[in-house]
Amino acid sequence: MDVTPIELKPEETARIRAFEKKVNHWVRRLDDRLEKLHLGGRKGRYDDENFEFMGGSNDGLRKKHYDKSLRLLWKAEDKVPWLGFTDSTKEEKLLHSLADQSLETAERSHLERMKSPEFRAMLNRAYTQEQKQAITNILSTIGHGEAYAWMVSTELLADTADSTGARAALTMQVMEEAKHFVVLRELILAFECPVPRLSVWEYLLMERTLKAKGLEKFFGMNVLVEGFALNLFGQLSVLPGLEILKLFHLDESRHTALPNNYFADKPMTRRQKHGIVKKIKRMLIIAPALPLMTFFERDFAVLGLDVYDFAGSMLRKVVHLSERLGFYLPLPGARLLELVTRDFNRRAERTRVSHTFRKYHTMETTQGTEQLAIEREVFQLSEAALAS
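First residue of the sequence shown: 1, per my numbering; consecutive thereafter.
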């Protein structure tokens with residue numbers, strides 16, 4: 001891929017990676033000891049070193065049950081049209097009108113393509129080895145995140161949803177998180193590069209989200225993590241071989257919209273919105289996202305992308321969505337974004353060979369008119385608000 005990499009200072013990026021390694025060792029060791037003493041520790045039963053859950057891959061069971069279930073998933077619109085469901089795609093409606101057979105979903109066809117030698121050969125033609133590794137590193141962040149999203153959405157379904165509609169919505173999110181993990185894992189492995197573990201910053205963010213209680217799980221997962229994924233899929237889906245991320249982007253848009261629909265039926269109380277302890281807990285969930293951006297600066301730079309452009313774009317939307325939903329933070333959104341932009345500029349001055357001040361919180365990194373239109377609907381932003 002013909003790009004112009006962003007020139008960084010090697011000694012600074014090496015220092016950032018070394019610092020993360022030390023902090024990771026300390027945090028993981030502490031959690032291991034707390035777990036042995038039954039005092040807490042890591043909650044997520046996920047092995048990020050091997051990109052698998054603790055029980056291993058068990059692809060045989062996945063192929064026999066999960067994949068088959070998706071293929072055989074029937075649609076109410078086709079089977080009981082008089083009930084008023086509209087859950088069939090245009091392609092499914094056309095196919096059902098021609099023959100009584102099921103339609104291979106877009107995700108399934110992409111999944112088969114990802115396993116093909118032709119697809120891997122295309123990746124080798126499109127990218128250098130360094131670029132392939134950078135994409136693997138960036139996508140693995142979302143891959144590991146999807147594993148945690150799977151666990152968090154399962155707990156939200158069990159502990160938060162009380163109405164039939166809420167349970168139906170969260171059940172679909174559980175299914176889609178499972179789909180995202182297994183499909184994204186195949187896509188990442190197709191690049192044939194080593195898959196890194198969770199960075200300590202993402203580990204802290206994900207563990208805090210998984211351990212959060214009640215509605216704070218909604219904030220951590222459906223606002224912050226899904227907002228991060230939505231923005232990343234919106235930026236990377238235009239790269240060769242990553243077109244399937246447009247489908248992921250569409251799924252994530254529904255996930256980020258879920259709290260708004262949920263609160264329409266069951267509004268948050270004033271204490272849930274404005275309680276100082278609640279605000280601090282939300283800020284603690286967000287905090288690791290800032291060093292996480294710096295940690296991934298090198299991988300973004302290899303692809304000619306500015307990680308702080310991405311971070312500013314993502315955080316602007318996340319903060320806007322947080323305030324619109326009632327998940328208020330200790331500082332007003334506008335003030336918080338100004339402080340984050342100043343922090344990002346200080347970090348960029350330290351790591352880059354040349355840097356001029358940028359208003360990172362005004363950047364827009366989502367690519368494609370369809371993706372931008374989806375985000376305008378999700379975040380209820382005007383054209384001007386998305387661009388400035």
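Please note that the accuracy of each hint is not assured.
The list that follows gives simulated cross-link-like pairs (lysine-lysine, PhoX-like), each with its CA atoms no further than 25 Å apart [what the hints assert, rightly or not]:
{"#": "1", "residue 1": "266", "residue 2": "246"}
{"#": "2", "residue 1": "132", "residue 2": "217"}
{"#": "3", "residue 1": "279", "residue 2": "213"}
{"#": "4", "residue 1": "281", "residue 2": "213"}
{"#": "5", "residue 1": "246", "residue 2": "9"}
{"#": "6", "residue 1": "273", "residue 2": "211"}
{"#": "7", "residue 1": "266", "residue 2": "281"}
{"#": "8", "residue 1": "266", "residue 2": "217"}
{"#": "9", "residue 1": "217", "residue 2": "281"}
{"#": "10", "residue 1": "21", "residue 2": "90"}
{"#": "11", "residue 1": "43", "residue 2": "211"}
{"#": "12", "residue 1": "266", "residue 2": "43"}
{"#": "13", "residue 1": "273", "residue 2": "217"}
No lab work stands behind these hints: they were computed from the structure.
Against the structure, the hints come out as follows:
| no. | hint | verdict |
| --- | --- | --- |
| 1 | 266 / 246 | violated, 31 Å |
| 2 | 132 / 217 | violated, 33 Å |
| 3 | 279 / 213 | holds, 13 Å |
| 4 | 281 / 213 | holds, 10 Å |
| 5 | 246 / 9 | violated, 34 Å |
| 6 | 273 / 211 | holds, 19 Å |
| 7 | 266 / 281 | holds, 22 Å |
| 8 | 266 / 217 | holds, 16 Å |
| 9 | 217 / 281 | holds, 11 Å |
| 10 | 21 / 90 | violated, 49 Å |
| 11 | 43 / 211 | holds, 7 Å |
| 12 | 266 / 43 | violated, 28 Å |
| 13 | 273 / 217 | holds, 14 Å |
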